Every structure is written in structure tokens, then in C-alpha cells.
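> Given the coordinates of chain A, assemble chain B onto it according to the supplied hints.
The chain contents come next:
There are 2 protein chains.
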Amino acid sequence: MSIKNDLFLRALKGETVERPPVWMMRQAGRYLPEFMAIREKYDFFTRCRTPELASEITVQPIRRYGMDAAILFSDILVIPQAMNIEVQMKPNFGPYLPNPVHDQKGVDEVIVPDVNVELDYVMQAIKATKELLNNDIPLIGFAGSPWTILCYVVQGQGSKTFDKAKEFCFTNPVAAHQLLQKITDTTIAYLKAKVKAGVNAVQVFDSWGGMLSPVDYQEFSFKYIQQIIDALKEEALVIVFGKGCWFALGDMAKSGASALGVDWTCSARNARYLSGGNITLQGNFDPARLLSPPAVIKKMVTQMINEFGKDKYVVNLGHGILPNVPLDNAKAFIDAVKEYQQH
Amino acid sequence: MSIKNDLFLRALKGETVERPPVWMMRQAGRYLPEFMAIREKYDFFTRCRTPELASEITVQPIRRYGMDAAILFSDILVIPQAMNIEVQMKPNFGPYLPNPVHDQKGVDEVIVPDVNVELDYVMQAIKATKELLNNDIPLIGFAGSPWTILCYVVQGQGSKTFDKAKEFCFTNPVAAHQLLQKITDTTIAYLKAKVKAGVNAVQVFDSWGGMLSPVDYQEFSFKYIQQIIDALKEEALVIVFGKGCWFALGDMAKSGASALGVDWTCSARNARYLSGGNITLQGNFDPARLLSPPAVIKKMVTQMINEFGKDKYVVNLGHGILPNVPLDNAKAFIDAVKEYQQH
Chain A
20 MSIKNDLFLR ALKGETVERP PVWMMRQAGR YLPEFMAIRE KYDFFTRCRT
70 PELASEITVQ PIRRYGMDAA ILFSDILVIP QAMNIEVQMK PNFGPYLPNP
120 VHDQKGVDEV IVPDVNVELD YVMQAIKATK ELLNNDIPLI GFAGSPWTIL
170 CYVVQGQGSK TFDKAKEFCF TNPVAAHQLL QKITDTTIAY LKAKVKAGVN
220 AVQVFDSWGG MLSPVDYQEF SFKYIQQIID ALKEEALVIV FGKGCWFALG
270 DMAKSGASAL GVDWTCSARN ARYLSGGNIT LQGNFDPARL LSPPAVIKKM
320 VTQMINEFGK DKYVVNLGHG ILPNVPLDNA KAFIDAVKEY QQH
Chain B
20 MSIKNDLFLR ALKGETVERP PVWMMRQAGR YLPEFMAIRE KYDFFTRCRT
70 PELASEITVQ PIRRYGMDAA ILFSDILVIP QAMNIEVQMK PNFGPYLPNP
120 VHDQKGVDEV IVPDVNVELD YVMQAIKATK ELLNNDIPLI GFAGSPWTIL
170 CYVVQGQGSK TFDKAKEFCF TNPVAAHQLL QKITDTTIAY LKAKVKAGVN
220 AVQVFDSWGG MLSPVDYQEF SFKYIQQIID ALKEEALVIV FGKGCWFALG
270 DMAKSGASAL GVDWTCSARN ARYLSGGNIT LQGNFDPARL LSPPAVIKKM
320 VTQMINEFGK DKYVVNLGHG ILPNVPLDNA KAFIDAVKEY QQH
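From first to last, the protein sequence lines stand for chains A and B.
Its first residue numbered 20, the first sequence is counted upward by one per residue in this note's numbering.
Its first residue numbered 20, the second sequence is counted upward by one per residue in this note's numbering.
Please keep in mind that the hints were generated in silico from the structure rather than gathered at the bench.
Keep in mind that the hints are not guaranteed to be accurate.
Since copy identity is lost for identical chains, a pair holds within one copy or between any two.
Said to hold, decoys possible - Derived pair list, reagent style BS3-like, types lysine-lysine, alpha-carbon separation capped at 27 Å:
hint, residue 1, residue 2
1, LYS317, LYS357
2, LYS32, LYS124
3, LYS215, LYS273
4, LYS273, LYS318
5, LYS350, LYS183
6, LYS318, LYS242
It should be emphasised that the depicted structure is a prediction, and the values quoted were computed from it without experimental measurement.
Excised from the complex, chain A in its bound form:
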């Protein structure tokens, strides 16, 4: 059955649109009181693993603001969890992996799971969400890039520098590449299963790609993202978002991806130039700029669309929405796009 509002899919395909589509990274998140109500009752992985909860959380922002795409509520760390690596989500701390991988033995113990068994709960959540969405808008599935997953798996927690993860790659590249390949194989199977379960597009989040030099980025991150794109592109629209990865936009544009995410440090002009000017771009409002007054937000969004151009463009933030964004400010962001009139 076709999607009623297919603005997002048309933009990903590079088709002409009346206005650009809009969604927000982490739109199903802590700035929403209805999300906080569920969060008080159920812990993080219960929310991820219970299809009724994950689907409800996914559609909450859509009901409130009417974005042009939904993104399945889940987490990039369900992948290492399925690979036999313990992942905890600690309140006021973030992800915590009590047994990080730091040597060949650790890599050997990591498994490539049957995602249809270990991550069946995600597929059930997709099916439940599709029912709630009723084909009104497309549903996005996502995964972390293999490098970004390795960062957590080796570092064991969030970090400003991910120096342990980098040390592992730089001192034990053979083991690091084996780990990256296991994560890649799992991610490919996972995203294929998600597409089969009903998502209309997939996004690969390379949240920590910008920690690497351009040369190391090719070796430890992009090589594996390319494998994912190659495996998925025939059956799905693929968006690649590398935070801080402006230097890789040129290679990403030639990768077969349908669209590239851009963070707010890369101007529309630089992003179009670096990506060759022909691929759909997604972004790049500074999440902290959603703390500006609503009137300022609306003006800045209009200007952003004018700078990117209405076609081959998906309006989004340059990273996830912050928890302390007022509801009216999020509304101003979405409304400004819907009210957009080309000058």
C-alpha cells in the first residue's frame, strides 16, 4: 500500500517537492511529556523490547507535531547486545558496558547473531508501528555505524575522545578490523530484516566518525559503511549521517546512499559543495538553536531552507534534539517547514 504523505521518500529520491519534508533526530525523546510518562514506568531496554511501548513512543511526536517521517524508537546499542556483549543504560550516565572488548580474545567471543531471533522484538515493534501509522507517513529504521558501535564496545561508555577505542584500533588493527567486520555483518542482516519488516528507509548514524582523521576514517569507518550501503541500496533508501564528517561528504556522495546527513558546523553552501551538489542532504539546525525564541527559530528555519534549496533536501536538526527544548519551540521548527513558501 502506498504512503499517503510521501514527501520524505520523494526527497530521498531527488524528486521535485512542494516543500521539503521534516523530521527531527531523537524526535521520540525526553522533551516530550508523554515520553517522560512512559519513561517513569519502564526502563530503557523494556521500552525498546516491548513492541507496544516502542511503537507508541515512535508515534508520540507524530501525533503532536505531524512530522513527515517517523523513526522507530530503539537504540544503536541493541546490536552489540545481540552480539553477546552486555550493555546497560545507566540513569544520568548513559550506556555502560561492564565487559568492554580490548583484545583478540574479546573479539573472538563476540558473535554474529541470528538477528531474526535475537532482534525479533525490533521487527515486532516495526510491525506494530506500521499499524499505528496507518500508511500516513514513512517509517525510518536505523543502526549505528560499525565504528560508532566499536567506540562503545571498546571504550565501555561514552567519552569525549574515545581514546581507548582509538588506541585499540591503532595498536591492534587486525583484531579491530575483525570486530568491525562482525559488527558490519550483523548490521547488514539487521537492516535487511528491518526493511523486510516494513521500514521505508534506513539511516546509518556515524555519531563518532568525526573523532577520526580523514585517513583513519576511511580505514576504520567508511569502509564498513560502504559495505552496508552496497548490501542495502537495492532494497532500501539509505541515509548516512556522520557527525563531524564534513571531510567525507565527497566520498559519501559517491557511495550509493540516497541522502547524507549534515551537522550544523557545515553550512548549506559547504555541504552542497563538498557533496558535489547533486545528492539529497538532510539537516542541519543546531539543536541548541531550538532554545531560541520560537519567532527566531521560524526565521532561521526559513533561511536554512532557502540556503539548502527546497529540493533534494530533508529538514532536520544537525544532531539529536536536546531534552530541555520547550514544546512550543519544537512546534515552531516543524511549523516553519510546513508554512514554507518559496520566495
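Chain B only, in chain A's frame:
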């Protein structure tokens, strides 16, 4: 009296050199056992405020490795401290400001001090260091950029996003600009006093400039860095280092600065292109790459020099040296530069 090894100063002036000079950001730091020995006995601000300690710490890495420039041991937060803002340095936590500025009243209470009184201990440390250095190599003085100082003054501590600092700027720009101007005025007086006390060059660290969009960067950071350059350039060589500020290299190149620092996400080729190809650049070895084996480090340093070119170039890291870098690895970095032969 002239400096015996003036490679660094000649490179900053754009003169032809036999080989590029080398120093490392945070070279007087926690990877050195002789630094740790002093650190065990004296707390952070005692080390900063005692000329005998600050000067000894400054020359420790020079004795061990023979860098081509020393940088005075101090901290960017001595500025807000002198401006009547309490700054603590908490072990295993970093800077902590118990009374952050978050409104007009807070800004009004911030003073522009007489730096020759409040920061006289820095000037004494410079004089003591100059004696120890015996005119062998130049001494660098430094300050944080006004934006980077504001980040701490408003956020109250380190942060991955500095969202409170940004919120303050975006919701109360009038007060934010007043605070930035007070910091700028203090910084200009401070750096002028340092030059008078004997430093041979100054570096402005914009550690958190890369948190801002290019437009916000102009408004909240670069405008004030430009004021500092304008005030200092007649009497000192000025280096500007903005981490993550690749997008501003073009403007920085026209600012009157003598050299620009570059982080490791910006390749030599991109850095030369973005800065217009004519200004001296400084950087940009990934600090985590110093965890690679020494032979790999040496090879990568040689390649880095070949890519930047030996002239108009200062070899450095792309950010501060990490505490867990082995001594032999730091040595490999410095030695590779000294052994450099143009191909």
C-alpha cells in the same frame, strides 16, 4: 637578546626554514613522570601561581625532548578567576565553577581586573621561565578565546554540548555580548602584559568554537578573537587555534594572525585550501595516534610534513597530548621532525 633556536619564530613569520619547528599542545603535562611528581605535591592553582613551579613544569618537556618552543604552564581559566568568578579544579572531574553566570545580574558582577595585579603571578612565571630557558628557544603565552571562556563561565563545568552556554547566548544575546566583551578586554590586557613580560608569541585557544554554527561562530566567537588579534598583532606573533573550526579558516587567514592551528579532522590539503594557501599552519597529528607504535608515529609524522610542506608550517598535535601516551612515543614524534629530510 636573540633566541638561539628561532626556527619557530621564523616559521610563524613565513620564512624559509631547514625543517619545520615542533612543539606539542599540553607538552608540559600528565604523560611526564617529572610533572606527576610535582602534581602529587602541589594542587593545580598552586602550580599555576608559584613562579618556581610553573617555570619548572614549563621547561620539563624541553629538557627531556628538546622541542623548538616552550609554552608557559598555566590555564585558560586563570582569566575568569581574575574576573571575580570562582574556579575550582576538581580531581577526576576538571574545572568546576560553583557560581556560573546565567543572567544580566551575573554579568554585571563580573569585573575587568587590573591584570598586572591579579595575574602578576603569571608575569613572574614568565620571567622565571625566561631565565631557565636562557634564550635557547622561544616561549609561548596563551589565553582561551572569549567564547571558550564563556562556555565554562556559564556552563560551570566541561560539557559535551555546552548547551547552557549556548542557551544563554541565544536567549540573552545582549548580556552574552557584554560578558564576551569583558572577557575580551581582560584577555587583551593579559596577553599584552605577557608580551611585555617576555613571551615571544601568543596562542588563542578556541577549544569550543567548533560547537557553534558558522554564523553563530562569527557572532559569538570570531568577532572577539579578531579584537584580540587587532590589539596584539603589532607587538606579537599571534596563533589562533579553533578546534573543529575548519569552516572559519578562511576568515582567520585574513585576520592578521601569524599562524592558524588545525585539528586532525582537517587534512593538510583541506587546511591549505581553506586558509588560502599562504598563512603558516600548525598541527595536526591526532593525539590518539601517539598511541601507535613509535615506528608508525615516525612514518606518519614524515608524511604529515610532506603534506603540509616544510615551510609555513609548525609541527604539532591537533589537540592536547593525552595523559596515557608512552614517553617513547612522544619522543618518536619530536625526533621524527628533527630527523626530517625533504625528499
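> Broken hints, numbered, in rising order?
Failing hints, ascending: 2, 4.
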